[in-house]
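Use the sequences and the hints to build the structure in full.
Letter by letter, the sequence shown follows residues 267 to 449 of our numbering.
Any given hint might turn out to be false.
[To be verified] With a Cα cut of at most 20 Å, we get these calculated SDA-like pairs of lysine to any residue:
#1 K379 - L369
#2 K345 - N357
#3 K392 - L374
#4 K345 - D335
#5 K331 - Q341
#6 K382 - T371
#7 K401 - Q391
#8 K331 - V350
#9 K382 - Q370
#10 K379 - L367
#11 K363 - L374
#12 K363 - V375
#13 K345 - R361
#14 K339 - V350
#15 K401 - F430
Hints were generated in silico from the structure; no laboratory data involved.
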Amino acid sequence: SASKSQSVNTKIIVVAEGSTNEENEDNNLLKKLDNISTAQPFLPLTISLTSKPQFDVNLHRLNGKLWSDLFSKYQDHLKQCSDVVLFDQNNLVSRIKELDLNLQTHYLVLIEKRNKFAKYTEQVQKVQEISSALKRIHSTLQNTIHTMNNLNSLLPPNEQLEVFTLSSNTPPSTSTTNTDNDT
Numbered sequence: 267s268a269s270k271s272q273s274v275n276t277k278i279i280v281v282a283e284g285s286t287n288e289e290n291e292d293n294n295l296l297k298k299l300d301n302i303s304t305a306q307p308f309l310p311l312t313i314s315l316t317s318k319p320q321f322d323v324n325l326h327r328l329n330g331k332l333w334s335d336l337f338s339k340y341q342d343h344l345k346q347c348s349d350v351v352l353f354d355q356n357n358l359v360s361r362i363k364e365l366d367l368n369l370q371t372h373y374l375v376l377i378e379k380r381n382k383f384a385k386y387t388e389q390v391q392k393v394q395e396i397s398s399a400l401k402r403i404h405s406t407l408q409n410t411i412h413t414m415n416n417l418n419s420l421l422p423p424n425e426q427l428e429v430f431t432l433s434s435n436t437p438p439s440t441s442t443t444n445t446d447n448d449t
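Quick look at the structure:
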């Protein structure tokens, strides 16, 4: 049995001895914490209406004027803060209304411009349609004149007509020029 106790003792390794200083420090902190008095409300009945106060409060010793002055100052402060907020809020509302009015006027101007451009677009489309129709007419006239000139060239020379052209400023024919010079 002695050998068993030695073998058990040899298997246990002690790394470090525990210090009692930490335990003493913890005990000192707990003692200090116990010495701190608990905070109690000014009016003990405000916590619970059913519980009885744990200590006597001499309500006649509390000065109501001091509390009234404090609360009136706090009320004045809150009123000043609310007045500042109200002023800023009114400024924001008026600025938003101004911006809304500006946006509406710009929107109306843009709508008017869009309507004008729509009218211009319609006019341009009409002009393009008329232009394409005129080009077709011009091409048809050119073909007709070419055909008429071909037919005219097939006639005997004494029955031929003047050469057809589309230009209004036709140069005088040589036969008329000669007759003008003879007279």
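Each hint, compared with the structure:
1. K379 - L369: Holds - the C-alpha atoms of L369 and K379 are around 15 Å apart, at most 20 Å.
2. K345 - N357: holds, 18 Å
3. K392 - L374: At roughly 27 Å apart (the allowed maximum being 20 Å), L374 and K392 break the hint.
4. K345 - D335: At roughly 15 Å apart (the allowed maximum being 20 Å), D335 and K345 satisfy the hint.
5. K331 - Q341: holds, 15 Å
6. K382 - T371: Within the cut-off at roughly 17 Å; holds.
7. K401 - Q391: holds, 15 Å
8. K331 - V350: violated, 28 Å
9. K382 - Q370: holds, 18 Å
10. K379 - L367: holds, 18 Å
11. K363 - L374: Judged against 20 Å, a Cα distance of about 16 Å means the pair holds.
12. K363 - V375: Holds: K363 and V375 sit about 18 Å apart, inside 20 Å.
13. K345 - R361: It is violated: about 24 Å lies between the C-alpha atoms, which goes past 20 Å.
14. K339 - V350: Holds, at about 17 Å.
15. K401 - F430: OK: K401 and F430 at ~19 Å, within 20 Å.
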